[in-house]
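S.K.: Listed below, chain by chain, are the residues.
Number of protein chains: 4
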Amino acid sequence: MKFSFKNDYSEGCHPNILEALVRYNLIQQPGYSEDEYSLKAKKLIKEKIKNDTSEIYFISGGTQANLIVISSILKPYQCVISASTGHILNNETGAIEATGHKILSIETENGKLTPEDIVPVLENHTNIPHQVMPKLVYISNSTELGTIYHKNELEKLSRFCKENKLYLFMDGARLGHALTSEINDVSLEDIAKLTDIFYLGGTKNGALLGEAVIINNTNLQEDFAFNIKQKGALLAKGRVLGIQFLELMQNDLYFKLSENANLQAMKIKKALQKKNVEFLSETFTNQIFPILDHQLIDLLAEKFEFYIWKKIDHHSSAVRLITSWNTDDQATDSFIEIIDNQL
Amino acid sequence: MKFSFKNDYSEGCHPNILEALVRYNLIQQPGYSEDEYSLKAKKLIKEKIKNDTSEIYFISGGTQANLIVISSILKPYQCVISASTGHILNNETGAIEATGHKILSIETENGKLTPEDIVPVLENHTNIPHQVMPKLVYISNSTELGTIYHKNELEKLSRFCKENKLYLFMDGARLGHALTSEINDVSLEDIAKLTDIFYLGGTKNGALLGEAVIINNTNLQEDFAFNIKQKGALLAKGRVLGIQFLELMQNDLYFKLSENANLQAMKIKKALQKKNVEFLSETFTNQIFPILDHQLIDLLAEKFEFYIWKKIDHHSSAVRLITSWNTDDQATDSFIEIIDNQL
Amino acid sequence: MKFSFKNDYSEGCHPNILEALVRYNLIQQPGYSEDEYSLKAKKLIKEKIKNDTSEIYFISGGTQANLIVISSILKPYQCVISASTGHILNNETGAIEATGHKILSIETENGKLTPEDIVPVLENHTNIPHQVMPKLVYISNSTELGTIYHKNELEKLSRFCKENKLYLFMDGARLGHALTSEINDVSLEDIAKLTDIFYLGGTKNGALLGEAVIINNTNLQEDFAFNIKQKGALLAKGRVLGIQFLELMQNDLYFKLSENANLQAMKIKKALQKKNVEFLSETFTNQIFPILDHQLIDLLAEKFEFYIWKKIDHHSSAVRLITSWNTDDQATDSFIEIIDNQL
Amino acid sequence: MKFSFKNDYSEGCHPNILEALVRYNLIQQPGYSEDEYSLKAKKLIKEKIKNDTSEIYFISGGTQANLIVISSILKPYQCVISASTGHILNNETGAIEATGHKILSIETENGKLTPEDIVPVLENHTNIPHQVMPKLVYISNSTELGTIYHKNELEKLSRFCKENKLYLFMDGARLGHALTSEINDVSLEDIAKLTDIFYLGGTKNGALLGEAVIINNTNLQEDFAFNIKQKGALLAKGRVLGIQFLELMQNDLYFKLSENANLQAMKIKKALQKKNVEFLSETFTNQIFPILDHQLIDLLAEKFEFYIWKKIDHHSSAVRLITSWNTDDQATDSFIEIIDNQL
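Protein chains in written order, with the UniProt record's numbering: chain A, 1 to 343; chain B, 1 to 343; chain C, 1 to 343; chain D, 1 to 343.
The following block holds chain A by itself, in its conformation from the complex (with noise of 0.2 Å):
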């Protein structure tokens, strides 16, 4: 078998997890998230934002999570603005757009908006009433490109949202990976004030599946079960949520993950660079992108499986290689071995 860098999903769950579901399996308890263990991941989210009036609902994946909450927030003639690198634009098999909203893409270097960014779009969408009205804007973070956003950078961008009456909505599929990261300076606290509303990814960090959806402005909370409920992402046993989240929050084994599974992209990172290896972009969280030699990809590619991310010229491409919380240093020394061998 090979092991595989395509993504952090590759696995099952945190053993913690399993644990907790066999402990409370055949307890009672109400359906449709009013569990026990529903109620108290909930409020020990509550905790760690610092918010007590944002709520908190969980969601079996993060296409669903985009979905409901973008087709929830918006009315008809409102669209999205988002990177051209963003998950909804071109990995959700036009999930939104089937809402009935469109989404104005941007091209960005890096993955990141910047107000700069965004000016123009709102400069060319005035003639009232013949184009849709921008209105929300999606970031990711970290980004589908492994970048995150700094404390400056989203206090700017959730500024100009406000300014301009844009809501500011973050996916946060790989939320623990950015904040784990080496060069974050966000914390959780940060964007439940910064943003209006945004996830807690948990199939990409050691749940089997769910993303907790923090609504932080209270204008947006509204009924919001019935869009869950009428999209058909209320769980009968939201306890399967539930207790996921409560094992992950508690002692911020979340945090742990994510800090495991950056640590292990670090680790080939810097293995890389000291054979002076470029990368298509520089990260800095579980997600690298290193330019190699079609020959050396090839003797990679026997034992561990990756995506070509990009082809760079006719002797190498970008690839992309994914870790996660379960990557070992077994992995990851297995596949540095080979690069120190062959660089």
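In case anyone wonders, no lab produced these hints; they're calculated from the structure. Please note: incorrect hints may appear among the correct ones.
Repeated chains share a single entry, so a pair holds when one copy, or any two copies, can fit it.
[Stated by the list, open to error] DSSO-like, lysine-lysine: derived pairs with alpha carbons at most 30 Å apart:
1. 40 / 6
2. 270 / 165
3. 135 / 165
4. 310 / 165
5. 165 / 50
Once you have looked at the hints, place chains B, C and D on chain A.
M.R.: This is chains B, C and D only, laid out in the frame that chain A set:
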């Protein structure tokens, strides 16, 4: 703690499932239902329905299954026919209409649809193009009232649908309970022959979550996975669903679990019948609707949770009792003890 | 050629309208309802409803008006309440559901809704968030059965809606006929006060096409034009609608036209009543539903077109006769002549 | 009053149309496009396109036509490919996305799509089922930049679409102008052969309102009328559209009208070319985009209305001038006079 007869999803899942989740937990697998457990589970289901041309997809819950199936099959102007008790009509927050499709409701005595029920609906929808076009017949087995379809009823309905170019879709959230009912004469194989599409419900029969959607009509199979993804229902860790159905299908665990649920409900039913208690409808599955005196209801409510379903007169109401895969003798015996003492 | 009593849109439009279209034809005007005729027509309507804060929009037809109004007002999980005879339920090819909203149908005797009809619907929709949320009450005046609302009925319904946070929307495809009925006691001003939104139908009252949507509730006015454009309903040559409503509003032509339609229907009604003919419902507008012997129906059908509405018994059926702004004495007299000769 | 070159829908309609509306006004006709004028107009169009198996439907406007066609043809997960200048992308308030379908945008030099443009889009959409499926190619002729497709270009594109199982849909809001352009080599017959579906625009070519949608691919014809009705686009008095297209088709009035519009635009173009004025794009239809000095623009703006299309540098901008079926020598001569005096 009161024991709950409110529904069949109050507990977690059958222990075999948790053991399997632990067993396979750290083995890396491809995402999005391409894992080996999902593939094996699909193979097992195909063997059980004795139809190799059916396609099988795992989806998290019933509302999700209903909305994806219906919105995938129908053209925008086509609509659904359902008994007025249908789950899609009253218990899914308009999920079907939210995908653009009207549901025509038919009053029935027992939650089951017959060709005779449907004929007038077709006759009243001939003002082309000013009315929706009826195209899909939605039935539940067992129904929301606990009743089940007999083989000759299903055959008639299936033939009628074919003759009238209607699709027949069976909501099988409680299909296990129907097929293991003491009065059942239908096999899984029959259902695969007589319906265009149906599902095997896991959530209400011992799984943590999950329904297995089975598309028998090969014309309806094309590109179905796109629809699942677009509705946010394609789990990254599809293994979670695959492992569960693998366990449920092995050694017919699925049917043993619903058998227990039925058995426990029938035990209570017989105890009540001995005392000449009447029922709202005659059922042979895990849902019973006895009509009880309000004083007795109050007394039972001290030890048990259940829904008061329908007020009958000043003195009595029908209650709904649902047993599950995990309901044991202790629970039903203590319920029967009160009945025996009081009546 | 047979004379048609099938509907009130068999002819073109009142000659004044064509004259105005000719008169203004070659004058250049801005597009999209910014032309001076549209602005003047809106001003005139505001004067007539005596409410300067209402906003007015011209839309081509009734189904279009209904679907734009409803989909603009409601959030995805909110639904409509309508009498079972409502045009939106049976005659618009599921246009409302196609925008994502369920319609709850209420059986009525005469096509009119009362608070008493609505109370049980609200009581049956309290299982949050598993059911749609009733939010908008749709009524027609005159109704699809030709009946009309009296002032005290509208006042009660309006008060009830406000108390229950429901919007009241009046489909006025035949509002002219209601307001000029001999038994009417409601004014246009009353309607602007008692409803959140309503429309003045042009198509069934002497225009080529066009309905004037009037939004009285200022909370519902924001950005309405975006919805019109997004649904493809914003005519480039908005002047076509503006000129028509300008003509219809001037000198109360609108009401004179419906007065004629009502008068001609009442003439036939009285002739039939003299012969002791019974009616399916008692109406005082331009729709009548006499119950006639099949032989007589056949005889009338040789000279006139009309719909057979409902079979009553082996010998007789109710037919529907509709008169229009352009129906003249010659048509009704020749109809009455047959009646007089045969009965 | 300034003369407007802002668009081609500033005036009413060609007098012949009004005369016909008057002529047929009081003749009773069936509703919903079953009137004899609509039937005759459809027959005439079929003769002109020399294709008796095409089906024809009249719809009020371009956005309406685009959204009904696209939402009728595509399955939920299928998407549209369009040049970035496509009307559906920027000028229809997200009408297409509101029906659930994504539009993939392609940058072009001149508003026209080629197979070479489309190939990379197809190549980038192979990650099944995580991306939308490209299925319909939307083109405009003439384009939003005034350019037109040559026969060999259309043939190549049509062949490419067939080979790749893509539908080819031509927005013909200004098809008359394309077909009467001095450089055109395409016939109406060619278009009926090379596209799956297209429309003949009336609104921008002398009608009060109306587009004739022509479905050539017989697989796409089934039940189309349901879609029109469901979107609120089926006029009760369909005669209004039928009479207009009857007049436009008779004696080729339709083409004479666009010929005049083109002629007047070309007159201005030649006058500007004589003065060595440059243009944003080279066009031979009724839209021209000359690049003028700001001082001259200000001077012209005193007597004429037009859009400033794009700033070129500190001194000059491109303006858009559109002529119509009704633009006469007086208007263009007085424009040219200023040009001649100033340059």
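S.K.: All the hints need checking, so say for each whether the structure fits it.
M.R.: Quick rundown of the hints versus the structure:
1. Proximity of residue 40 to residue 6 under the C-alpha cut-off of 30 Å is restricted to the inter-copy arrangement: shortest distance 23 Å between copies versus 34 Å within a copy.
2. For the identical chains of this complex, residue 270 and residue 165 are neighbours neither inside a copy (43 Å) nor across copies (47 Å), given an alpha-carbon limit of 30 Å.
3. Taking CA atoms no more than 30 Å apart as the test, residue 135 paired with residue 165 passes in both settings, with 7 Å inside one copy and 27 Å between copies.
4. Taking CA atoms no more than 30 Å apart as the test, residue 310 paired with residue 165 passes between copies only; the shortest distance there is 27 Å, against 37 Å inside one copy.
5. Taking the shortest alpha-carbon separations for residue 165 and residue 50, only the intra-copy value of 25 Å comes in at or below 30 Å, while the best inter-copy value is 34 Å.
Hint 2 from the list above is the single one not met by this structure.
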